[in-house]
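Q: If you want the building blocks of each chain, they are given just below.
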Amino acid sequence: MAREQTGAAGRRKANGADNHKPFRAGGDDPKDGGKAELLKHYRDMLLIRRFEERAGQLYGMGLIGGFCHLYIGQEAIAVGVQAAQKPGDQVITGYREHGHMLACGMDPKEVMAELTGRASGSSHGKGGSMHMFSTEANFYGGHGIVGAQVSLGTGLALANRYRDDKRVAFTYFGDGAANQGQVYESFNMAQLWDLPVVYIIENNQYAMGTSIDRSSSETHLYKRGASFRIPGEEVDGMDVLAVKAAAEKAAEHARSGKGPYILEMKTYRYRGHSMSDPAKYRTRDEVDEVRKTRDPIDHVEEMLEKKGWADEAMLKALDAEVKRIVADAAEFARTSPEPDPKELYTDVYTEVTA
Amino acid sequence: MTDVLMPALSPTMEEGTLAKWHVKKGDKVKSGDVIAEIETDKATMEVEAVDEGTVEEILVPEGTEEVKVNTPIARLSGEDGASASPPAAKAEAEPAPEAKAESPAPASRAEASGDPERKPPEADAKPKPEGEGTAPIAPVQALKDPDLPEGTKLVKMTVRDALRDAMAEEMRRDKDVFLMGEEVAQYQGAYKVSRELLQEFGDKRVVDTPITEYGFAGLGVGAAMAGLKPIVEFMTFNFAMQAIDHIINSAAKTLYMSGGQIKTSIVFRGPNGAAARVGAQHSQDYAGWYGHVPGLKVIAPYDAADAKGLLKAAIRDPNPVVFLENEMMYGLESDVPEGIDWVLPIGKAKVRREGTGVTLVAYSRMVGFCLQAAEKLAEEGIDAEVIDLRTIRPMDIGTVVESVKKTNRLVTVEEGWGPMGVGAEVAARVVELAFDYLDAPPARVHQEDVPLPYAANLEALSLPSVDKIVTAAKAVSYK
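Chains as they are written, first to last, in our numbering: chain U, 427 to 780; chain Z, 2 to 480.
Hints in this document: simulated from the structure, not taken from any laboratory.
Model, not experiment: these values are computed from the prediction.
Worth double-checking, as some hints may not be accurate.
Only pairs whose alpha carbons sit at most 25 Å apart, straight line, appear in this in silico SDA-like list of lysine to any residue [unchecked claim]:
id : chain 1 : residue 1 : chain 2 : residue 2
1  : Z       : LYS43     : U       : ARG655
2  : Z       : LYS205    : U       : ARG655
3  : Z       : LYS69     : U       : ARG655
4  : U       : LYS592    : Z       : GLY228
From the derived model, a few chain Z residues whose C-beta atoms are all more than 12 Å from chain U [said to hold, decoys possible]:
id : residue
5  : PRO150
6  : THR159
7  : ASP177
8  : GLY228
9  : GLN243
10 : ASN250
11 : ILE263
12 : LEU333
13 : LYS351
14 : PHE436
15 : GLU449
16 : GLU460
17 : LYS469
18 : TYR479
All C-beta atoms in this analysis are idealised placements derived from N, C-alpha and C, irrespective of residue type, glycine included.
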């Protein structure tokens, strides 16, 4: 094709090549707050991984229907960013959101029961995998339209600035959504009005089946705010401490009234785009290589062992505990009743009170 | 012991071919290892182990076709007994008696292709819902316009100023209410509806946006989710098509999808319908579009008093409201009560003219056309009743039905296209609810089924007119 002979194509290729290089921020980050913190990150990431594995299993059994997008491989991002948040800060993301909800502290039972469409689910079974919310956890969804959460999250930030309550809206989206027009409409207004929003681009290299080099003219997504004067930074999204440190810096920028900040988290999803994706657009070797060399959980495990903060027995006990939580959630989600038929007509409108 | 079941890998998969085993008896596997490949008519997929363990037995040999979803295909022994077994098998740390009982014996394997708890939704004999989309917002008690206190002064006011005053009063009343849109602040509104609001409320609460409808509608909905009460002005509703995703997918559906947790109290307002000689892209009536959507309330007022009373109600409403104005009517003057908190009920139609011969049902600008048509019809001996719907959703069909029971004849009038339109809905409901009272098939007057032309003569031919209404009313009256 003619387009491939242009200089732009060459640049794309160059950018693409370094996207697939294994990389790792320093493991001895001074922000490492100590044993308790690292163990918490480890446990939180493990909970997400085990939860998602079980969700995949329940999907395979037909207990979860429709679309189901798993977060396996990207755990360090939701966990690291959550660790940088302050009470009251909001979170909003797209439809690959199970991990964010668990990181927010939502009950795994409630999340799993929503996946199986049961009355005890976080949306009483009316939202499903892609549409979960928790006002208690300041989690605003769970949105199924690619990129919609970027405008909505910027609107949360607009409310924060309107009330001057020093909250920050953490707005996640993927490399696919990064090409949506409304993202740039929102960037423009966010910077124009100094809105306290941190945009977290989870660049897992594939927008469904289209690799970033095939979809994006500028593959360094942290630069996407440049024409709006929004600062951006590339972060190793497989390193929970690097994620946390970057999120703290970005949040401080937003909270202090300087406006939005973009963090491009370089990451990788191990599973297909959704459960029904055979992922033929990449090789098994590519996936295995990432799992072997960059896995965010293995990384923390190594650090814990190196520092002498955990031994095998301890990690096994932790794993067993997490598995029990997930097994309980699955059992709860499987045995909870479906919503009462009367629920069909509830929550369409908020009742008007005089 | 854990059974690996034939997985469903898509929402519709029921069976597949077990194409290949990557493991054999005695192999150790861990989470993420590819253990098998399965094929459906659509794709080949890899099956990953979901936990650590040793392959005890391959239950379905490779090459087997038509393997039903949930059939056990292999058996793993879990390391330390802590395997993440499928919940159905429920093998927890200790091999408790009930776990044994549930580990699939050959008999149960033969009969079951899945989780015994899993039932198709149809299995439960659920009562069929009444096909009444408006049921959840049907008023509990009869709605009624407020009585005017004795001595209330009526003042002549344009629709434009009535809308402005409604916003100003609500912004004074509630600090969470703010206005955003193109040219609403410094320019004082493209149609001067927001005149002097910037001066009174400042630029935090009267916000000029860039020309980015999708983006600012999304920001408005996000702010509403966070508890504010935005009024989002579209310069015209034609441009709101860029934002319709947020109006429908984000604003209208989120309360439901969140199980009642996330409320969006927001008003989307601006001129709707045809102006004059601005061509197809700037001349469209969206009442039918938004009226189609559960979760939205849709209002299209006619005169200044209704514009004010209904906009105030819309701003106070905890739901997303689409408020359709009309550019051609901004300058029309009519009486508005002064000095009282004038709030009208959403979902209540108004009988604009009483009559016994034929029922004319309209909203917004077409109400005026119907009133004129009624005068002409009176000259010809037909006594028309004119009903102003005022709210498109929830629709006050009761008022229409009561009228038809009296007149036995129905003509609907709208500026939008006929197919799947507001008139189609009114006619269908009247046929459902008052079939025996009709002496003639309902008639619909609407824009011709073409994009609105620019040429003056073609434009006039395309839009509804007083004459077209008269003709339709005479036709259903067999005159």
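Q: Flag every earlier hint the structure violates by its number, smallest first.
A: 1, 3, 7, 8, 9, 10 and 11
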